[in-house]
Amino acid sequence: MKITWKLIGMALYFLLNYTDSTAQGFVVSGAWKVSFEDKSEFSKADYNDAAWESLQELKWSDDRKTTANRTLWIRKKIIIPSTLQSEFAKTGLLSLSMGKIQQTDDTYLNGKLIGSTGSGDAYRNYLITKNDILWDKENTIAIKVSHWGSFNVSKTPKFMAAAPSNFFTYSTTIKNGNTKATVQGKNLDYQFNITNKAPMGLEGLVKADFYNFQGEKVHTLEKKLTLVVGNNPLIFPYQSLSPFLKIVYTLSVPAFQYSNEWNAEYGYENVAYKLTEPVIAYKAPQKYYPADLDKIQIGGWLGERLKANTQQRLEKVDEDAILAGFINRPGNHSWIGEHIGKFLDAACNAYANNADQALKIQIDRSAQQLIAAQLPDGYLGTYDMDSHWTSWDVWSHRYDLMGLLHYYQISGFKPSLTACEKIGDLIMQTFGNGNGQKDIIKSGAHVGMAATSILESITELYRFSGNKKYLDYCYFLVKSFDNPSGPRIITTLDSVGRVDKVANAKAYEMMSNFLGIIKLYRLTNDVQFLKPLEAAWKDIVASRLYITGTASSFEHFQDDGILPATDKDNMGEGCVTTTWVQFNYQLFCITGQMKYLDELERSV
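Residue numbers (the working numbering): 7 to 610.
Think of the hints as simulated: they come from the structure by calculation, not from any bench.
Hints may be right or wrong, so weigh each one.
As the list claims (entries may be wrong) - In silico DSS-like cross-links for lysine-lysine, where the CA-CA straight-line distance does not exceed 30 Å: (1) Lys45 - Lys143; (2) Lys150 - Lys574; (3) Lys293 - Lys574; (4) Lys106 - Lys420; (5) Lys65 - Lys444; (6) Lys106 - Lys537; (7) Lys574 - Lys45; (8) Lys143 - Lys301; (9) Lys118 - Lys65; (10) Lys118 - Lys96; (11) Lys181 - Lys136; (12) Lys45 - Lys150; (13) Lys348 - Lys537.
Since we're looking at a predicted model, the values are computed, not measured.
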């Protein structure tokens, strides 16, 4: 009888912790345990999670109006059969494959950290050795997830033979030179580093193709090598006749039938700047006309802050980090693509005012390397091909356009405008009401407001290109606000005049749309675009503005007069403050009314 009960107990354990072992791997099915606390001991294999809630599917969400970073843990105990060891014969390692996780994760197997990923748009494939697994015994998977109100694992977790694409990581440099300096006419050793994580040496071939800024191949080198476990540096000497180089390294490993490309970009053209005026003038009346930035001298406390912004912030921006996701996709987090455009926009303003030559070189280099990363169809995001136009992809293109159009304005560098036109054309081709086109509302966060905020960038593209098709597309974007699942920005403001009732009340994305709407008003002089924005401004000042000149708690507009102000309330997101300043500036230019300048000054 004791034996019978023991067998029944084992059977019940198996059913409750069911996994599917197949010839293609080992699928981890069934319910998990979940906790919304955060303690380091949750990662340990022997932690008792019996009191945790059961999670039947690997997804969860709530409706709290916040984008604060929050944490949950999930755990599961499984028995991994020794028959899975046959999978090691394929490539020498296993991987735990889980697809994408919203948003970031730290994943543990039997208390050992096997992988961490900082983006909700990256695939999880964490390498595992034979010694990491307790064969035919209980194993524990524990995953710490940081999220913003929703959590999801896109694929059922599975142990399987590791794919060769998970074995190799890459980096590049110039062995005998400065990666930020010019390259033209210099004999330089371009270094390609391959880290081999496979538990064996492998025969391979690396080809290096050199391209100029125009995309013309100017040189090719090849090298055979034996990839040892660990780092494998390769040198490709070359004297460039071009001021800019793009190198495409291709690693081929015949034993795995594996081939992969990795890109590097160096150098820049020192452009002779020529200020370019917009082709299209604003139609709406304008009461305030700002002086040209090069005619303005700012002293005192504000002048010192602006000087520090140039020398201690802009000139020290990590260009490699903000360009990496474009040069080699995907980026390391969902909205990494916004930063280069924001940098270029700010740096161009600063250079127009102070003519700082070190900053000019940085602008030329980063703008040209961004342009060189554009795909032939115009795509200039940081996502894998199968993830284009998801998450924050349209949003990132918004900032590409703002940065590159500003670069074109101060420099006259025509390839920058051409790159922007290619982006605009691709956006118009991708999003619309025609057959095969996507719904732009479904391609951006926060009830689509992240995606529709590209409206401001398209207004600027119309101004500098003069092509009316971009103005026509602005009307499409405004109309999309009222799609069945749209944010109803203008409609809501016209009816109730409260920003906290617009979409999900996400302040930054909403006011980013305000900037597009107000510029569309300036281009058309159509008051239907101005009136709802005046209502929004009055509502923010009356009910949602802190005395310091900022708004939002946890990045959302709150209810009337609700202005939480403890150190735990995440008040006044910097992006909200900046966009509020920009909004007031536009209103002041249009009306000349001092109330807008007063609020701008308060925020500054």
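Hint check results:
Annotation: proposed proximity of lysine 45 to lysine 143 holds, straight-line Cα distance about 26 Å (limit 30 Å). Restraint check: the Cα-Cα separation between lysine 150 and lysine 574 comes to about 22 Å, which is no more than 30 Å; the hinted pair holds. At most 30 Å may separate the alpha-carbon atoms for a hinted pair to count; lysine 293 and lysine 574 exceed this at roughly 42 Å. Only pairs whose Cα atoms come within 30 Å are accepted, and lysine 106 paired with lysine 420 is rejected, the gap being roughly 39 Å.
A hinted pair counts as satisfied when its Cα atoms are at most 30 Å apart, and lysine 65 with lysine 444 qualifies at roughly 25 Å. For the hint linking lysine 106 to lysine 537, the alpha-carbon distance of about 42 Å lies beyond 30 Å, and the restraint is violated. Among the hinted pairs, lysine 574 with lysine 45 is consistent with the structure: their alpha-carbon atoms are about 19 Å apart, no more than 30 Å. Our distance criterion of 30 Å between C-alpha atoms is broken by lysine 143 and lysine 301, whose separation comes to about 75 Å.
At most 30 Å may separate the alpha-carbon atoms for a hinted pair to count; lysine 118 and lysine 65 meet this at roughly 24 Å. For the hint pairing lysine 118 with lysine 96, the CA-to-CA distance comes to about 24 Å; that is within 30 Å, so the pair holds. A distance of roughly 37 Å separates the Cα atoms of lysine 181 and lysine 136; the hinted pair therefore is violated under the 30 Å criterion. Taking the CA atoms of lysine 45 and lysine 150, the gap is about 10 Å. The hint holds against a cut of 30 Å.
Taking the CA atoms of lysine 348 and lysine 537, the gap is near 28 Å; set against the 30 Å cutoff, the hint holds.
Hint compliance for this structure: hints 3, 4, 6, 8 and 11 are broken, all remaining hints hold.
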